[in-house]
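The hints should help you fit chain B onto chain A, whose structure is shown.
Protein chains: 2
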Amino acid sequence: MTSKSRTAILCAIAAVVGVGLGVIIGYFSHPAPAAPIYPTENPTISKQLMDEMKAENIMNNLKTLTSRPHIAGREQEEIVLVDWIKQQWTEAGIDSIVVHPYDVLLSYPKQNDSNYVSIKLANGTEIEQSQRKELVIDAEQNDQNVVDPFNAYSPPGEPEAELVYVNYATIGNFNALNRTYNISTAGKICISRYGRIFRGDKAINAELNGCIGLILYSDPLDYTVPWSGVYPEDWFLPPTGAQRGTLWVDNGDPRTPNYPSIRDAWHQSNSSLTLPKIPVTPIGYIDAIKYLSKMGGPEVPKYWRGGMNITYRFGPGFAEEHVNSLMKMSVKTTNQVATIHNVIGYVRGAVEPDRYVLLGNHRDAWVFGAIDPSSGTATLMELVRGFGAMLKRGWRPRRTLVFCSWGAEEYGLIGSTEWVEELQKQLQARAVAYLNVDMAVRGNFSFSANGVASLSQAVFDAAKTVPNPNPSEISSGRPTVYDTWKSIYPAADKPLFYGLGAGSDYAAFLQVIGIPSVDMRYTYDQSIGINTYPVYHSVYDTFELVSKFVDPGFKIHLAMAQVWGELARKLADVPILPFDCRLYAIDLIKKRYLLRLSYRSKMESNGINLSQLDDAIATFFNAANNIHERIASIDLTNAYETRMINDQLMQLERAFIDQNPLPGRVAYRHVTSAPSQHNRYGSTAFPAVVDAMFDIDVDPDQAGRWDEVRRQYSILVFHILSAAATLNPTV
Amino acid sequence: MTSKSRTAILCAIAAVVGVGLGVIIGYFSHPAPAAPIYPTENPTISKQLMDEMKAENIMNNLKTLTSRPHIAGREQEEIVLVDWIKQQWTEAGIDSIVVHPYDVLLSYPKQNDSNYVSIKLANGTEIEQSQRKELVIDAEQNDQNVVDPFNAYSPPGEPEAELVYVNYATIGNFNALNRTYNISTAGKICISRYGRIFRGDKAINAELNGCIGLILYSDPLDYTVPWSGVYPEDWFLPPTGAQRGTLWVDNGDPRTPNYPSIRDAWHQSNSSLTLPKIPVTPIGYIDAIKYLSKMGGPEVPKYWRGGMNITYRFGPGFAEEHVNSLMKMSVKTTNQVATIHNVIGYVRGAVEPDRYVLLGNHRDAWVFGAIDPSSGTATLMELVRGFGAMLKRGWRPRRTLVFCSWGAEEYGLIGSTEWVEELQKQLQARAVAYLNVDMAVRGNFSFSANGVASLSQAVFDAAKTVPNPNPSEISSGRPTVYDTWKSIYPAADKPLFYGLGAGSDYAAFLQVIGIPSVDMRYTYDQSIGINTYPVYHSVYDTFELVSKFVDPGFKIHLAMAQVWGELARKLADVPILPFDCRLYAIDLIKKRYLLRLSYRSKMESNGINLSQLDDAIATFFNAANNIHERIASIDLTNAYETRMINDQLMQLERAFIDQNPLPGRVAYRHVTSAPSQHNRYGSTAFPAVVDAMFDIDVDPDQAGRWDEVRRQYSILVFHILSAAATLNPTV
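Chains A and B, in that order, give the protein sequences. Residue 682 in my numbering sits at position 682 of the first sequence, and the numbers go up by one each step. Residue 1020 in my numbering sits at position 20 of the second sequence, and the numbers go up by one each step.
Chain A extracted, bound-state conformation:
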């Protein structure tokens, strides 16, 4: 080998090495790429979060939250608990916390002169006075801050009149009284059992039927079971328990419909408010039996009978020695302006900080509120701590998480409604979903959820990831929360998943501005026939009761935290939002079925072409399939394409929001979802059409009424077509 050739070889080697080195240098000498803008979710976080959260913490949270009564507008609720939550969330390490105060109209009974009812003899003597306070069973109930039983927004008054029993005070009940039994309620005091419909609707029905006062009581048939004792033996309602609750049928501060009660905001004068005009107050069955047992008049039919060992009679008035006695009510409830607070915590999204996944629960309770709402609050607190721990480990969600602790829900969803009204523009543009938990654990039987159909699969998926908190369910082959849910509330091959009314804080989100919402809870076995959990809104809804009868190990609470957390994490973290528009289409088909079932022949014989609705839903179905086909082939590295699809998914629900409120309802604008006009707890498919059809046969203005049905039907069809269009390709 010559020196030259050797040189050449060495040079060649040097060159090759150089090239290699250069390639490496060159390859890595690009400017550092920007932070990746298309991260996928971190799948390990799901388990980390679940493992992080502890039942014991939830128990301790509940203990703190329920240590004192915390009714809206009072110190314990508005100062002590607000401060505690701020401090806890600060410790959890979330990014920011904002407290939103609102001056709103609340209502309280009179201190030291609370409401009662009695029998007034002809000579003026009052006998059989009802208890002003529920009996103290545990020491904690002996707290001067316990607010005695009352119904919020009842006017004060002391009516005296004959008593009439009106069963559940539904429209059907009053119609039966008037039309079938020829019993007038005009000028009478009515007594109604709680249940079936929202109490505010009972008050409206009573007022419309001429009653001058309304007594609400909890019948043992609806709040106890024959085979078990009552609290403190079991969790069923003791005779002295009375259900507090609001009568306000719209949402938010009654003085500022549609607008937030922010500082200096204009509000209606008190005289122009649409609040109840007749006194209403609740009693326990320890008292109800005294009055109902003495009533005269015919015996009620079978389905009107409650569970007390007496003969239930319509009245009017009392029988035998009390035939000349009257029922008397003494109601001193008055309205008062107070400041309430929402506490809002944020975890900033790493990629899309302007997309919000909201989790909400109210904080205020009628008394101690261990179940309603503090089971939810205790859960939310642990969830915030859990997410905080994930942040400390370096994780951050793709989208922003927003944790909401609402004030004054019990009075009429006031805190959440005012906040949605205040932040309406931002939420319309940015909110991905609202996940509500009110009573996290109102029973230990099964998880259940309601919500918009497009989110049902995401809830199912979250529930599948959470271990069953009930060991006997696991040993019965149902290892997850989902399995029990599906087994207990089956609907074809999935769990039942109904729509939403306006029973909790999701109402303003969904029904006013079209944010996809879910409401979740663990519930009791509804087949035992009780109306809600037994001690609902009574002084007995305590930590004692929960830790003894409902969830001794707080494992159910933990499971709720895990489902809620996993659902929120998923919505906040996956690149493509887990909405299924095809399920929305199927839900529309179900609603169409219900409409046809009730009204088809009547509508068709009045010239309404129901195939328009069929065609619109078919168009929607195609659009839903189309977007999911596009999702299947999406390029996730293209941020704009990803965002576009997500925006379309997010906007779907908005497309069902009418620019005008539903007829006669100031704060409902969703054309396929609203609470029933006659029961705020229920939900109605195609509400404006159904409302227009309600009792149409007895309307003297048939032409006008059918014109209104046609108008609402046309608006419905338009919105379905419009929603379909939002899902189609944007050009």
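The reader is advised that the hints may include incorrect statements.
What the hints assert, rightly or not - No more than 25 Å apart at the CA atoms, straight line, and that leaves these computed lysine to any residue pairs for SDA-like:
hint : chain 1 : residue 1 : chain 2 : residue 2
1    : A       : Lys-548   : A       : Val-98
2    : B       : Lys-1392  : A       : Ser-46
3    : B       : Lys-1086  : A       : Pro-729
4    : A       : Lys-328   : A       : Asn-178
5    : B       : Lys-1086  : A       : Val-731
6    : A       : Lys-277   : A       : Ser-293
7    : B       : Lys-1602  : A       : Trp-266
8    : B       : Lys-1548  : B       : Pro-1578
9    : A       : Lys-86    : A       : Val-98
10   : A       : Lys-133   : A       : Pro-239
11   : A       : Lys-392   : A       : Ser-46
12   : B       : Lys-1277  : B       : Arg-1196
13   : B       : Lys-1133  : B       : Lys-1548
14   : B       : Lys-1120  : B       : Ser-1269
15   : B       : Lys-1086  : B       : Ala-1389
16   : B       : Lys-1602  : A       : Asp-264
17   : B       : Lys-1494  : B       : Thr-1334
18   : B       : Lys-1392  : A       : Arg-74
19   : A       : Lys-602   : B       : Lys-1602
20   : A       : Lys-548   : A       : Lys-602
21   : B       : Lys-1110  : B       : Ser-1046
22   : B       : Lys-1590  : A       : Asp-264
23   : A       : Lys-464   : A       : Lys-602
24   : B       : Lys-1086  : A       : Ser-46
25   : B       : Lys-1555  : B       : Ile-1286
26   : B       : Lys-1120  : B       : Lys-1392
27   : A       : Lys-120   : A       : Thr-64
28   : B       : Lys-1302  : B       : Pro-1239
29   : A       : Lys-555   : A       : Asp-525
30   : B       : Lys-1277  : A       : Asp-707
If you're looking for bench data, these hints aren't it; they were derived computationally from the structure. Since the model is a prediction, treat every value here as computed from it, not as a measurement.
Chain B alone, transformed into the frame defined by chain A:
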């Protein structure tokens, strides 16, 4: 040098070369990056587009468009021109074209028995009948499709009564008649000159003041000048010219307020429509002089005098030999349902196809409509061809361009309003801006524009890029369209830029759903005191007139195309939307100034705290500064950050849209911008507050009225705060 050291040197060189080569290889050996998702604008397109467009093409477009009368609902407009536009746009090569038909209520005079007015003698003879048709001056006007002068939506009727002259028929004019001159218009036929306010408001005022018929005429003072002849000598209105026009004061199909007149849509019955109740018809001054010269009663004050060589008198009735004669109107105008069409063309955005920049112009004309609207249509057609040519060269805008040819604007913005109603959900979520050109060239004096304040700088910038079409302006040192604009309509160091009323198709976009809008035109010298361009809505608005007197070389049209095109290109192409929120803040300060000027002392003495408004505007100003600081340091390679800022900029205008319509106005929801309640052509700052203050002193319900002022003031303050919040960082 040793062989070794030489080898070492050679190897070193080889290595260095190798490294260099390697660096280059390495640098470029990355996998091909995904299509760039953060392209900046292509700055060469601006000039290419301007050079591409030709005045001659616009001239030929105008010739085609004005070859026949093309009133809404008739064949030439709805079939011939729609087909022509589709064919032209297809040839231009844009991505897609969609035609949207709507069945809407229009209005026409009776064929072969059109409207007239006359003097009816006591013996029943009619004399001095007005012309049913305008005189044929050029051959083209002799077309059987010319629709004779009428006012759309007038009811038919043949009232006979004394005549009263009501000047411009403003509220002030009627108040003066009633309060100062003690002349009642009840039961009279009123004659009003055109001008000052929208003719529909004249009809309302006449109706409210008891008139049983209204004659509208064009006074030479308002449509001619003393130093020049009339058409065909110059472009001023000849005596026989009569101004057609609608009386409908709301927007869209009168039968379907708020909802689109799509197939099978419900509509109001004709009997429940809020259309004029008294016959109204227009005449030329060739006829008006016959009636006005014979009138009795006192002489009118100076400002009520028109330009005819007669003594203007109030009436009522005629004088001298006609003292017993009555005015008679014969109006056979009737409403008819017809199908109208919008033609919508799309150029898909390369990066953000779900962001729309819309350009719109109406197509329908009362007769030939060479200026109104075909000057705009001819311009739009060339613009589409120009953008098509850019597409063929491989360019594609970042965002989607949407070209809109509206039907039935003349009847009340019907095509655009129905379309916005139909696509409301998509447009709310996706529309960046709407750029309207109605009469592109209603004069050759200067460019001018109105619009939302946040877009003013973008319009200025576009106008600065376009060469001045007027050579004498260039030689006077004003080389661009902007320079003349600023010189003729100066406001501090910029051109005047007022807000929008509801005079053209931007109304639904801006006032109903909050899409930032601009309206542009070249205009005449308004200092000569004419009310609009002289032959407005007459048969003489022809190609002949335009090419002879207005824009012989079509250079003005071309300049309009260039400004419009550059503004659209910029909005569609630049990464950060060219909105200036600080200018919006300054505009709010101006509006606040006007409010204080008119109402401060009255409002303050009624307990309204105007510092709330000051504070809200200050908050808004800070938020506006904040977002522009963030924009200055934005990382454009971060698609999500870029999109977030753009979404905030885009949403700003939406934040001023109230969820409820302004009081008494079914289709206006913008709290800082609406047409004046009493003149649809004008715009009002803070409309609901100003409306509530209007004539407040004479309202017998002072408490109720001031409560309404306070309510509207509170809603205004809330919206400004809400808008500020939308600009702040999203977490």
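The hints, checked one at a time:
1. Lys-548(A) to Val-98(A): Violated. Lys-548(A) to Val-98(A) sits at ~36 Å, over the 25 Å cutoff.
2. Lys-1392(B) to Ser-46(A): Violated - the C-alpha atoms of Ser-46(A) and Lys-1392(B) are around 50 Å apart, more than 25 Å.
3. Lys-1086(B) to Pro-729(A): holds, 21 Å
4. Lys-328(A) to Asn-178(A): holds, 23 Å
5. Lys-1086(B) to Val-731(A): Holds, at about 17 Å.
6. Lys-277(A) to Ser-293(A): violated, 28 Å
7. Lys-1602(B) to Trp-266(A): Given that 25 Å is the threshold and the Cα spacing comes to 18 Å, the pair holds.
8. Lys-1548(B) to Pro-1578(B): violated, 38 Å
9. Lys-86(A) to Val-98(A): Holds: Lys-86(A) and Val-98(A) sit about 9 Å apart, inside 25 Å.
10. Lys-133(A) to Pro-239(A): It holds: about 12 Å lies between the C-alpha atoms, which stays within 25 Å.
11. Lys-392(A) to Ser-46(A): holds, 15 Å
12. Lys-1277(B) to Arg-1196(B): At roughly 22 Å apart (the allowed maximum being 25 Å), Arg-1196(B) and Lys-1277(B) satisfy the hint.
13. Lys-1133(B) to Lys-1548(B): The hint holds at about 24 Å.
14. Lys-1120(B) to Ser-1269(B): Violated - the C-alpha atoms of Ser-1269(B) and Lys-1120(B) are around 36 Å apart, more than 25 Å.
15. Lys-1086(B) to Ala-1389(B): holds, 16 Å
16. Lys-1602(B) to Asp-264(A): Measuring from Cα to Cα gives roughly 19 Å; hence the hint holds.
17. Lys-1494(B) to Thr-1334(B): violated, 47 Å
18. Lys-1392(B) to Arg-74(A): violated, 70 Å
19. Lys-602(A) to Lys-1602(B): violated, 57 Å
20. Lys-548(A) to Lys-602(A): violated, 54 Å
21. Lys-1110(B) to Ser-1046(B): violated, 50 Å
22. Lys-1590(B) to Asp-264(A): holds, 23 Å
23. Lys-464(A) to Lys-602(A): The hint is violated at about 44 Å.
24. Lys-1086(B) to Ser-46(A): violated, 54 Å
25. Lys-1555(B) to Ile-1286(B): Outside the cut-off at roughly 35 Å; violated.
26. Lys-1120(B) to Lys-1392(B): violated, 66 Å
27. Lys-120(A) to Thr-64(A): violated, 44 Å
28. Lys-1302(B) to Pro-1239(B): Cα-Cα ~23 Å, so holds.
29. Lys-555(A) to Asp-525(A): Measuring from Cα to Cα gives roughly 18 Å; hence the hint holds.
30. Lys-1277(B) to Asp-707(A): holds, 24 Å
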